[in-house]
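Asks: For reference, the chains in residue letters:
Number of protein chains: 2
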Amino acid sequence: MASSLLRRQLGLSVQRNLRLSIPGCRYVSKAAPRAQQEFEYDGPCMKTQVPGPRSQELTKQLGDIQNVGAINFFCNYEDSRGNYLVDVDGNRMLDIYTQISSIPIGYNHPALLKVMTDPSNLSTFVNRPALGILPPENFPDKLNETLLSVAPSGMSRVQTMACGSCSNENAYKAIFIWYRNKERGNSPASEEELTSCMVNQAPGCPDLSILSFMGAFHGRTLGCLATTHSKVIHKLDVPSFDWPIAPFPRLQYPLEEFTRENAQEEARCLEEVEDLIVKWRQKGMPVAGIVIEPIQAEGGDNHASADFFKQLRNISRKHGCAFHVDEVQTGGGTTGKFWAHQHWGMDDPADIVSFSKKLLTGGYYHKLELQADKAYRIFNTWMGDPSKNLFLAEVLNVIRRESLMEEVNRSGKALLNGLYDLQTRYPGILSRARGQGTFCAIDICDDDTRNSILTKARDKGALLGGCGDRSIRFRPALVFKEYHVHILLNIFNDVLAMHK
Amino acid sequence: MASSLLRRQLGLSVQRNLRLSIPGCRYVSKAAPRAQQEFEYDGPCMKTQVPGPRSQELTKQLGDIQNVGAINFFCNYEDSRGNYLVDVDGNRMLDIYTQISSIPIGYNHPALLKVMTDPSNLSTFVNRPALGILPPENFPDKLNETLLSVAPSGMSRVQTMACGSCSNENAYKAIFIWYRNKERGNSPASEEELTSCMVNQAPGCPDLSILSFMGAFHGRTLGCLATTHSKVIHKLDVPSFDWPIAPFPRLQYPLEEFTRENAQEEARCLEEVEDLIVKWRQKGMPVAGIVIEPIQAEGGDNHASADFFKQLRNISRKHGCAFHVDEVQTGGGTTGKFWAHQHWGMDDPADIVSFSKKLLTGGYYHKLELQADKAYRIFNTWMGDPSKNLFLAEVLNVIRRESLMEEVNRSGKALLNGLYDLQTRYPGILSRARGQGTFCAIDICDDDTRNSILTKARDKGALLGGCGDRSIRFRPALVFKEYHVHILLNIFNDVLAMHK
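Sequence lines, in order, name chains A and B.
Just so it is clear: in the first sequence, position 278 is 278 by the working numbering, and no numbers are missing.
Just so it is clear: in the second sequence, position 455 is 1455 by the working numbering, and no numbers are missing.
Please keep in mind that the hints were generated in silico from the structure rather than gathered at the bench.
Treat the hints with care, as some may be off.
Among chain B residues calculated to face chain A with C-beta under 7 Å, some are [stated by the list, open to error]:
#1 Phe-1074
#2 Val-1126
#3 Pro-1136
#4 Ile-1177
#5 His-1229
For glycine and all other residues, C-beta sits at the position ideal for the given N, C-alpha and C.
All chains, full assembly: derive it from the sequences and hints.
Replies: Structure follows, in structure tokens:
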């Protein structure tokens, strides 16, 4: 079956599936471009409720091994294609959640399958190196071809890591090392520092902090978790650091209608940031860095203006804190620019930019001065995985070849306009439609209704995810076209009609 | 070239290379088994000093992107095979460091290459799922076939993670969650806990601790790093937790000659552990868990007796702390048993056992009671990588099919005896030869001599790594046979002769 999948896809032979008949369809698309249709399915196709019987059986099996409370259903990844995720009960769903926003160009993209069948790539998969000591010959070239070809403005250095949490943990370490070196005037550490650090004590393990924002999500390992403040379930019972937490602006949407109110709200938050920096310095725990998402994702798709970020950047400069932009969820094109921070229009947007998910490898870009002064300070066994860089190279090729950034902007516009439209139609249920590119969200009147809508949409073939207290987030792949938007909006409309 | 590599290897066509002529050769092997010789090279073959000119050129290129202070040389992974790592200058080295002990069955093992060419595996590589919510159909089966088939005694549950640090971080979180639930009598968290945890404060983020040992290495993310105490370079400038640190026994070798002294030393350390548990409870930071390596690896290959671990396990029980055995470096067969803790001969060796490296996927086994009570408490986007499970399945097959555990015991005996022999011959340079299976080490008179020996051995075709202040650690793959031991010992002997 897999080999025939490969044959079909590489050969681009036409495959036709039953068209989904959408009741009350109002969004009508032009015909989909042929290449896309040939590659993927024509629409969702639901055979059972989700999870279906086979998924339930497998969930029971897995329940003997792990906590399965978060399992949605089991997937048939072999048969999944493009924007469509197929489950083990034969249900085919339009995927607007994409493995928590981590699938860049859809399932089984022919370009990625080709990576697998290129014999010159074999050894990269089979022999995972310790990249920090024994990199493969093509490592500098691959970094130049991939991550550096899309490097944020002002950054020519990148460190790969295995996942988002590791990326942020190591970025924080780079910040602490940089900050202490600055404090020491780049002179060697004292004997007292060398001794005390081995037993977790200051001055060797200094009382430094990272300033983060309420609603932020930066990962779940202990360092990251000290800067994550989105949900109780992530935080409860885990020891943490006494680091400062600033309010993130709570804007009113649509942004253009509330310019004055939103500017005031942002000013209030920025003032609080400065206050906290001063307070924590006085407490003897100076703020070494500020970490922020361009759009708070897990925390509820909270936006702030370009001006807010510019001023925050200035505050970081003024107080000598590193400015770390966490693009783990926003990076990779989904906001209509490759990095969400590009919407700020700054030449010097950050000192560190971390990434993972759609980039397939984790890691962080940084300015030269944020590079650790010695070897083995930022280090681990694998330091990423070069086989992910191979896939990333193809993803970037596909983005360019298929003009996916233009698609994202086109689809994003259609999606956001559709959400505005639905919001007008269902004012009792929907509010605060917002987004950049296809990175969109909308609020639902309450948590229960949100969850009911998510379930019903799934049963109708649209897989969506929640965020924040009562938001729905839209996280399609970059191959999500305008006609996919229309399929989604029709399903969403039908589900909303059931809740009216 | 790669496709011909695959053809050669899958076809097992015989390839002969120039035999290495070893000056002063004293260790003589029986002929290598044919299958092994066919697959790999006959011996090291050095063409330049290491790093050679091409490696130096690439290091310069990479230096524009990253700190390259730790780079040894650049590798040609395509041409590497079995126990031999080939570099970009055509040097072929017997690899006794194996990517910081993370290559289980050598380079380009035919069984692993086959995984890549099996069409039914394609989609697992191309579509990385969010395992915690949307696992693939074969996930429970693969876990049963792989990780659970080698589960530590008393453990039927396993959580995969991307790397060693993530594994330990999440294991610590599981311990904290378990401990707090126990303290609460499994009743729901209070309103105060729910509120305070969001801003990093107690009681929601409780003042709990993990007890670790001096010389330990458990990773470099902030939680792990608070339990790592092997080298200054890992720790300096990174904020930490005030957690208790016990002395790890400093034994005299060979163990059988110092039974009484070593037992006293171990008793001293155990007493200190209990004292620390009591002290930290009084400080209001109860010890929720004890974490320990069966052999401290990075910290200098420090051993302790089975009796020490048994008593430590009892102390953990007595004080209600979880017992976490970190097998990231020791796991996977290298000590002559699949898990190093099996040498202790206990039915109930631990509450949590973490792994990574040779297992190719990270993760941790745990007892049922250490499973988080709710979904999303132990969670991240990827939760491991099923493509690594595919390779692990094959690794385990190869271990069984090629009786690699027997090989490890045979080679390990030859290696340790050889080290004893050399130690007698070079008493001014070598001391404290020690090991289990092929997981061996020896101390060198001082750091400079150690580093000089490492460099000279490398230039003669034996790639080794250091650990601790002045030890050399031997970390061959499981396919390291007795005749490889002899090649290594001959080179080592020649290098020592130069230092006499």
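Asks: Now tell me, hint by hint, if it's right for this structure.
Replies: Hints versus structure:
no.: 1; hint: Phe-1074; in the structure: holds, 5 Å
no.: 2; hint: Val-1126; in the structure: holds, 5 Å
no.: 3; hint: Pro-1136; in the structure: holds, 5 Å
no.: 4; hint: Ile-1177; in the structure: holds, 5 Å
no.: 5; hint: His-1229; in the structure: holds, 5 Å
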